[in-house]
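K.L.:
Sequence:
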Amino acid sequence: MAPWRQISVMASLLLLLLLPAIVQTQPAGSAPADGLRPTMRGIFQALTTVIPLSLSKERFQDAANRQRLHDALLALSNHAMKLTQHGQRAPAGFDFLRRSLQDDARNVFELFESESFEESRFILHHLVDHCFLCHSRLPSSQPFPLGKRFLEQIPLKQLDPHERMRLAVATRQFDTALASCETIFRSLDLPAAQIDLMALFEDYLRIAIRVQGDFPRVIRTLETFQRRPDVPTYLADHLSAWIEALTILQADREQNDELTQARALIQQGQQLNRYLADRQGLVHFTLASSLLHRFAESRSASKLKLAEAYYLLGVAGSYMPRTSWISETEFYLETAVRLAPASSIGKQAFVFLEAYLIMGYSGSSGLHFPPDIHHRLEELRAFVKSHSIEK
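Numbering (mature numbering (1 follows the signal peptide of the UniProt record, and there is no 0)), first residue to last: -25 to -1, 1 to 366.
I should point out that these hints are in silico values taken from the structure, not numbers from a laboratory.
Quick caveat, the model's predicted, so the values are computed rather than measured.
Incorrect hints may appear among the rest.
[Claimed, not checked] What follows is a list of derived Cβ distance ranges for each label pair:
| no. | residue 1 | residue 2 | range |
| --- | --- | --- | --- |
| 1 | ALA38 | PHE97 | 33 to 43 Å |
| 2 | THR158 | ARG74 | 29 to 39 Å |
| 3 | THR222 | GLN242 | 11 to 21 Å |
[Stated by the list, open to error] List of simulated lysine-lysine pairs, DSSO-like, C-alpha gap at most 27 Å:
| no. | residue 1 | residue 2 |
| --- | --- | --- |
| 4 | LYS280 | LYS322 |
| 5 | LYS278 | LYS322 |
| 6 | LYS280 | LYS360 |
| 7 | LYS360 | LYS278 |
| 8 | LYS360 | LYS322 |
Even glycine gets a Cβ: it sits at the ideal position worked out from N, Cα and C.
Turn these sequences into a full structure, and let the hints steer you where they fit.
P.N.:
Here you go:
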């Protein structure tokens, strides 16, 4: 996925839009929700200082701006840490976003302090991924006028359609996001195979299925794309499988409870995939993840059932190509382990997580485990072992 151009970094200011989603999970008038507001204002204020200076490599490195950036980035890191201390009654999925934001904000500051300016700017510019992941998980029918007004102020013609799509999701303008994807699908300026390599189909399905639930729109779009003369054979094969799955599954929804449906969908998706990198089951995994997010959001299930939901989210996510640099799969598997470490589900989740991490950090030159990842895995191993002994 190509790095965002300078104007798209303005989307990082939309971190403030995480507030409505987190606050909605709190009981009305509760202290955690009240505590979020000054924290989010602090994040916003820090970003309004940092973002304009980060648009220019020279200004970001200029000694004359060093103190201002130091103060703002330190404030951003401190407020991101405070964010993890609020909204503790929110679903575990928000823990991932808060923790990931805290880690990224701290890394931005530490890299800046060590004068690794380009690395610091890179991470800063990708903070918008948190908004995209948060807003593309659950159904949303509420209008969001603030996001619409923000989007109207951006010179969208200076952005390519993919950037417009991600910015639209960050501002909760989902119809605009889908339209931006469809603009790319219709354009003959990019070869069909290149469009596929942009992971645009994965993003499109996340929004259309998980947020909008608009199966007919997706079917029409994919059928239109399939008629392009430059669609390679492998992609035509995938498109046929996705269209068939959408046609069948739109009529079979809501037949069982969400966890049961998701479990069956994942099994069907695994059966459809014929080899490691196959995507025949992509629609099944995307719909399963949608059901699982809704199940986890309800917060009415037992710890064991929630552990299974997060384990299955990790399984489904492992089959869905990543469209951002943030790994949700690792978090979901770890959450499953921590919810039920002595259960068979918790143990399966740990085995899967260990294998997933080793494969992810392996290459032709061997295993390259970052120290923090190794430490986290060993800490989790000890956590599982201690609970197994207690049992």
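K.L.:
All hints are to be evaluated individually against the structure, with a verdict given for each.
P.N.:
Results for each hint:
1. Distance hint for ALA38 and PHE97: a CB-CB separation of about 21 Å, inconsistent with the stated range 33 to 43 Å.
2. A C-beta distance of roughly 35 Å is found between THR158 and ARG74, which places it inside the suggested range of 29 to 39 Å.
3. Taken as a hint, the range 11 to 21 Å holds for the pair THR222 and GLN242, whose Cβ atoms sit roughly 19 Å apart.
4. With a C-alpha separation of about 14 Å, the suggested pair LYS280 and LYS322 falls inside the 27 Å cut-off, and the hint holds.
5. Note on LYS278 and LYS322: the hinted pairing holds, with a Cα-Cα distance of about 14 Å set against a maximum of 27 Å.
6. Proposed proximity of LYS280 and LYS360 is supported: the alpha carbons are some 21 Å apart, at most 27 Å.
7. For the proposed pair LYS360 and LYS278, the alpha carbon gap of about 19 Å is at most 27 Å, so the pair holds.
8. Our distance criterion of 27 Å between C-alpha atoms is met by LYS360 and LYS322, whose separation comes to about 10 Å.
Hint 1 alone, counting from the list given before, is not met by this structure.
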